[in-house]
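Engineer: Listed below, chain by chain, are the residues.
2 protein chains.
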Amino acid sequence: MGFANSVLPEGSGKSPAPGRLTSVYSEVQTNRLHHPLPLPSVLRGPFKLLDGPPSSAAGNPDEIAKLFPNMFGQPSAKLVPTGSVPTGLPQGLRIGVVLSGGQAPGGHNVISGIFDYLQERAQRSTVYGFKGGPAGIMKCKYVELTPDFIYPYRNQGGFDMICSGRDKIETPEQFKQAEETAMKLDLDGLLVIGGDDSNTNACLLAENFRQKNMKTRVIGCPKTIDGDLKCKEVPASFGFDTACKIYSEMIGNVMTDARSTGKYYHFVRLMGRAASHITLECALQTHSNIAIIGEEVAAKKETLKNVTDYITDIICKRAKLGYNYGVILIPEGLIDFIPEVQQLIAELNEILAHDVVDKEGLWKKKLQQQSQLLFEFLPQAIQEQLLLERDPHGNVQVAKIETEKMLISMVETELEKRKSEGTYVGHFKGQSHFFGYEGRCGLPTNFDATYCYALGYAAGALLHSGKTGLISSVGNLSAPIDEWTVGGTALTSLMDVERRHGKFKPVIKKAMVELEGAPFRKFASMRDEWALNNRYISPGPIQFIGPGSNNVNHTLLLELGAQA
Amino acid sequence: MGFANSVLPEGSGKSPAPGRLTSVYSEVQTNRLHHPLPLPSVLRGPFKLLDGPPSSAAGNPDEIAKLFPNMFGQPSAKLVPTGSVPTGLPQGLRIGVVLSGGQAPGGHNVISGIFDYLQERAQRSTVYGFKGGPAGIMKCKYVELTPDFIYPYRNQGGFDMICSGRDKIETPEQFKQAEETAMKLDLDGLLVIGGDDSNTNACLLAENFRQKNMKTRVIGCPKTIDGDLKCKEVPASFGFDTACKIYSEMIGNVMTDARSTGKYYHFVRLMGRAASHITLECALQTHSNIAIIGEEVAAKKETLKNVTDYITDIICKRAKLGYNYGVILIPEGLIDFIPEVQQLIAELNEILAHDVVDKEGLWKKKLQQQSQLLFEFLPQAIQEQLLLERDPHGNVQVAKIETEKMLISMVETELEKRKSEGTYVGHFKGQSHFFGYEGRCGLPTNFDATYCYALGYAAGALLHSGKTGLISSVGNLSAPIDEWTVGGTALTSLMDVERRHGKFKPVIKKAMVELEGAPFRKFASMRDEWALNNRYISPGPIQFIGPGSNNVNHTLLLELGAQA
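Residue numbers (UniProt numbering), protein chains in the order written: chain A, 1 to 564; chain B, 1 to 564.
The set of hints was computed from the structure by calculation and includes no laboratory data. Values in this document were obtained by computation on a predicted structure and should not be read as measured data. Don't be surprised by glycine CBs; every beta carbon is placed ideally from N, CA and C. Be aware that one or more of the hints could be misleading.
[As the list claims (entries may be wrong)] Partial list, derived from the structure: chain B residues whose beta carbon lies under 8 Å from chain A:
(1) VAL28
(2) GLY158
(3) ASN253
(4) VAL254
(5) SER260
(6) HIS287
(7) GLN431
(8) LEU443
[To be verified] Here are the in silico distance ranges between beta carbons for each label pair:
(9) B:THR423 <-> A:ARG166: 22 to 32 Å
(10) B:GLY546 <-> A:SER41: 22 to 32 Å
(11) A:LEU89 <-> B:VAL425: 49 to 59 Å
(12) A:GLN370 <-> B:LYS505: 57 to 67 Å
[Stated by the list, open to error] With a Cα cut of at most 20 Å, we get these calculated SDA-like pairs of lysine to any residue:
(13) B:LYS263 <-> A:ALA399
(14) B:LYS400 <-> A:ILE382
(15) B:LYS141 <-> A:GLY322
(16) A:LYS405 <-> B:GLN385
(17) A:LYS510 <-> A:GLU498
(18) A:LYS400 <-> B:SER409
(19) A:LYS429 <-> B:GLU402
(20) A:LYS405 <-> B:GLU402
(21) B:LYS429 <-> A:GLY436
(22) B:LYS48 <-> B:SER465
(23) B:LYS48 <-> B:VAL85
(24) B:LYS405 <-> A:ARG390
(25) B:LYS131 <-> A:LEU321
(26) A:LYS301 <-> A:LEU374
(27) B:LYS400 <-> A:GLN431
Next comes chain A alone, as it looks inside the complex (with noise of 0.2 Å):
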C-alpha cells in the first residue's frame, strides 16, 4: 500500500535529462510513461500528401500577399493513405524543435511525435531542442535529443525538457542570427510549438528562410492552454482540454464545499486574459451559477455596473429561494472587456504622468464625468491600487487587479443597498479564488496526450516532406482516434494584419468566444436554469483509466457538432 516512487524513470539510463534526473516519479507519473500514444490510422501506414487548393488569408488578403511573397497563398496539405511506401525521401534529416511562450500540458508530447515520426520514418536523422524559446534559437543553444533524453517526458506535464521562452524573432538582427544557427545545425527544418504570436513569428521565419534561399523548412504547432488558437482546419489548440478539467476539478469541490456549507459565495477567477473560453468550458463542465464571458459583456457594452447588478440580482434571487450561496465563475481578463474601463484608465496613466494626486482629491476633476463616476465606483482597496502600484513605464498595472476580489467588494456594497432598502433578505460571505498556474502543468489529460503526439508526428511527416509555413493540423477530433485527419494548413490563411505604428503587421487573430457558436449557445440557453436551481456537477480528479478517463471537452465537441 505504500507509495512506489520510482528514483529514476525506466529507459532513462544512459543520458537521462539533466532536469528530470533529479526528479522523482510518482507511481501516477511513472504509469503515464507507459501510457500508449495511438496513431490516427493514416499515419500507421504508408501515406501521401494532398495538397489542397490555393489559400487566402483571414483578412487583407493583398497586404499579407505583399508581407509573405513566398509564403501566401500556399494551399493546404492532407495526408491520404497510399498503397506503397514512397520512395526518395531524403534520410537523415537535421531538425530543431523549440517551445515558446506559456506552458500547455502536451507540450513533450509534440516533441515525442515528431522524435519518433523521424526515427521510424527517415533514419538517421538528429532532432536539436532549443533550449528556452526563441533566445535559444538566436543564441544556438540546443541539447541533442536522443531517445533515453526523451523517454521521461512522455506523457508528463509542463514544458521543462528544453523548457520555453517569451523571446520574438523580430530585428533584421535576430532573423540574421536563427539564420546562423539553421546553418551552423545545417537544419533541414523547425518546429515552433506556440500560440498566435509564435505561429507569426513561425511564418516570418518560413518566408524569410525561403528568400534567402535557404533549405530550413518551419512548421508551426497550436499551443495554449487559453484556447484562442483555432480555426476550422485547426481545431484546438492543446493543452486547453488538460488545464480545464485541472480547474473543473477544484471548481466541482468548491460547488460541493458551497452547498454543505450553505454560507459562501465562491468568485473563481480563471485564466484567459484575451479569451474566455475557458471560463465557459468550466461553466460547461460544472454548471457554476453564473459565469461572466467577456465578449458578450464587449458585445453588449456592458459597464462594471451591469455586471455587478446582474450578479447581485441573482443573488437576491437565490436569497429569496434560500441559497445564500453559490459559485460564479470570471475570466482573468474581464476588466479589459469593458470600455468604460478602459477609458478610465487611459486618463489615470495621462494623469499619474503628468499632475500631481492631491490628497484632497482636486486631482479627481480631471477625469471626464463618466471616468470619475466609475472611479468612485469602484472599491477603496482597487482606487488605491490604481493609484499606486504602476508598471516600469508608469502605466497603470491593469493585470495585478484582482478582479474576483473587486467583484466580491462591488457585490457587498451593492447588497447593502438593497438590504437597507428592504429588497434583499439575505447574508452574503465572498470567497476569493484564483485557478492559474495550477492548470498549465499538470500532467496531459489521454486527449491532450495523444492529439499532441500526433500534432508532432503530424510535424514530421510536414517537414519530411519539405513542407513550409504550414502549422500542423489533425481534425475530426470528436471520432475516434483511428479516423483523425491530418495534415498542415497554411499559416498565411490564418492572418490579419493590423497596424502598428504606421506598418501593417501580421497577425493570426486569436478565436475569440463566438457568441453565435455552439458552446456559447448551449451555455446561454442553460445559465438561468443553473443560476436559480443548483445543477452542480463535481467533475473529480482526471483519470488517466476507467470511466471518463477518454472524455474530450464540451467546447471542441459543441463546436464539432457533436452532443457534449
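With chain A held as given, fit chain B onto it using these hints.
Structural biologist: This is chain B only, laid out in the frame that chain A set:
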C-alpha cells in the same frame, strides 16, 4: 467520447435527496457510486466485543473522573470474530447521526456504513439524520434516512446529505433540548461525526444521557482534514488523506511550472490553523524546496525574522546554483506559532482599544521594544491591515493575514538588502497561492472511502452492543483492509483538562506534529537535499482505479512504522 452525465444517479428513484436531486452527476461521480466498499474481515462475519482494561485520561485523570463520573475509566472495546451469530442483540434500533464542524471527504460514507450495519444486523432499525450539525439535535430538525436517500451520496464528497454546523451543545438548556429530542425520537443511540471539540461534546452528551438514566448511547467518529485528532488507538482522522492528495496534486503542478518557467517562487499556504500535519504531508508527497512546520518554529522559539532568513538563505544558495525558482509550503496557522507575533497582537489590541492611532506614529511608542521592532519589520500592507481590520470585538484579525503574501514581501525586502550588500545575485518573483476549500469536499480517495465506511459500520456495532462514550476506531491501517482492526476507544482516555474562566474544561488535546515522530524526522532528514537539489515529485490527480489508487498517505504509513 462525449461526457456521459447522468441526470439522476441510479437507485434514487423513490425518495432522492433534495440536495442531490437538483444535481447532475459526472461520469466519475456516477462511477464512484458503484465503487465497492470492502469491510475488514472481522466485520464480515459474526463478531463479539472484548473489553480491555480500565482506561485513564491523557492528563489530569482525577479531574476527568470528576467531570465524567459515569464515563471515566471505561475500557476500550475490540471486535473479535466469533463462531456463531450472537443472540439477544436488540433489533429495530432508533439511531441518530450528526455531522459536526468543517467538511471532510468521507463523511457520507460514515453514514452509509452505520446505515448498512443496521440494515444488515439490526433489522427494522430507523436512522435519523440531524440537519445542519448539532443545532439539528437541539431543534429536533432531522430527516429519516432511507436506502434511496443515502445511495446518491455513496463515495461522494461534501457533507450535503444532512449538512453540518459549528454549534455546540453546552449550556444546561441546550443539554435539555438534546434530551428532549432523544426522548421524542426514542433514540437508542447517536453517532457524532466530528473533530476534537465535537467528540468532547459527544462524550459530555453520553455522560449526560447516562446520568439522566436515558437509554440513548453516544459514539464519536474522528473527522478532520487537519489530521490533528489522532492517538495510538485512533491512528487517523478521516478526510486528511484526500485533502492532502488534492493539495499535493496542485503543488506538483505548480512545481513543474516553476521548473519549466524558471522564474517564480511559489509560496503556498495550506490549511491547518492549529497543527501543520497537512503541510508536512504535502512536503513528503511533493518534496517542495521548503516547508515551514509551525510546531518546529514554536519549539525553537523562532521569530518572524528567523523564518524569513531561513527562506532567504535557501533562495540565495539556490541562486548560486542557477535556480531562481522554487516552491515553499506554509501552514495557515504559522504566525500563531510565533511567540513575538502573539505578543505584538496582544499589545495592539490593548492600544487600539484605548488610544488614537496618530498618523505621525507616536502611538507606536506604547509598544514594547521587541514589538515595536517587529511592527517596523512587517510589510506596510500588513501593518495597515493590522491597524484597520478588526473583528466585531475590536480585535486585530490575525486570521485574515495572508501569511504567504506577508512572507513574499519580507523575503523580497531581505533579498534587496543582500543584493545591495553583494551577497545575492539573482532575481526573485513571488507567486502566492492558498489551497483550502479546494480540498475539503473532493471525492474521497479509496482509502478515505473504505476507512469511513468501516468507521461507520463499527459505530453501528458499538451502539448495537450498548456501548457509549467511545470513539469508533479502526486500526492496523497499513495492512490490507481485511486485516484492519475494529473497536471503540474511551473518549475520556483522550482527554485532559484546561482551565477556563476558573473552571476545568475537558478537552481532547489536538495532536500536533511531533518533532520526534517518524514523519517529521523523515522530512528533517531530507529537507536540505530537497531545498537545493530539485527532487520534485508530481503526484498527479487522484486515481480511483489502477496504479497508486490504493496508496495511503505518508504521515499515516510513517507513524505506523511502515516505509513510505
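Engineer: Now look at each hint and say whether the structure bears it out.
Structural biologist: Here is how each hint holds up against the structure:
no.: 1; hint: VAL28; result: holds (4 Å)
no.: 2; hint: GLY158; result: holds (4 Å)
no.: 3; hint: ASN253; result: holds (5 Å)
no.: 4; hint: VAL254; result: holds (5 Å)
no.: 5; hint: SER260; result: holds (4 Å)
no.: 6; hint: HIS287; result: holds (7 Å)
no.: 7; hint: GLN431; result: holds (7 Å)
no.: 8; hint: LEU443; result: holds (5 Å)
no.: 9; hint: B:THR423 <-> A:ARG166: 22 to 32 Å; result: holds (30 Å)
no.: 10; hint: B:GLY546 <-> A:SER41: 22 to 32 Å; result: holds (27 Å)
no.: 11; hint: A:LEU89 <-> B:VAL425: 49 to 59 Å; result: holds (50 Å)
no.: 12; hint: A:GLN370 <-> B:LYS505: 57 to 67 Å; result: holds (60 Å)
no.: 13; hint: B:LYS263 <-> A:ALA399; result: holds (18 Å)
no.: 14; hint: B:LYS400 <-> A:ILE382; result: holds (18 Å)
no.: 15; hint: B:LYS141 <-> A:GLY322; result: holds (16 Å)
no.: 16; hint: A:LYS405 <-> B:GLN385; result: holds (16 Å)
no.: 17; hint: A:LYS510 <-> A:GLU498; result: holds (12 Å)
no.: 18; hint: A:LYS400 <-> B:SER409; result: holds (16 Å)
no.: 19; hint: A:LYS429 <-> B:GLU402; result: holds (18 Å)
no.: 20; hint: A:LYS405 <-> B:GLU402; result: holds (14 Å)
no.: 21; hint: B:LYS429 <-> A:GLY436; result: holds (16 Å)
no.: 22; hint: B:LYS48 <-> B:SER465; result: holds (9 Å)
no.: 23; hint: B:LYS48 <-> B:VAL85; result: holds (9 Å)
no.: 24; hint: B:LYS405 <-> A:ARG390; result: holds (19 Å)
no.: 25; hint: B:LYS131 <-> A:LEU321; result: holds (18 Å)
no.: 26; hint: A:LYS301 <-> A:LEU374; result: holds (15 Å)
no.: 27; hint: B:LYS400 <-> A:GLN431; result: holds (12 Å)
Hint violations for this structure: none, all hints satisfied.
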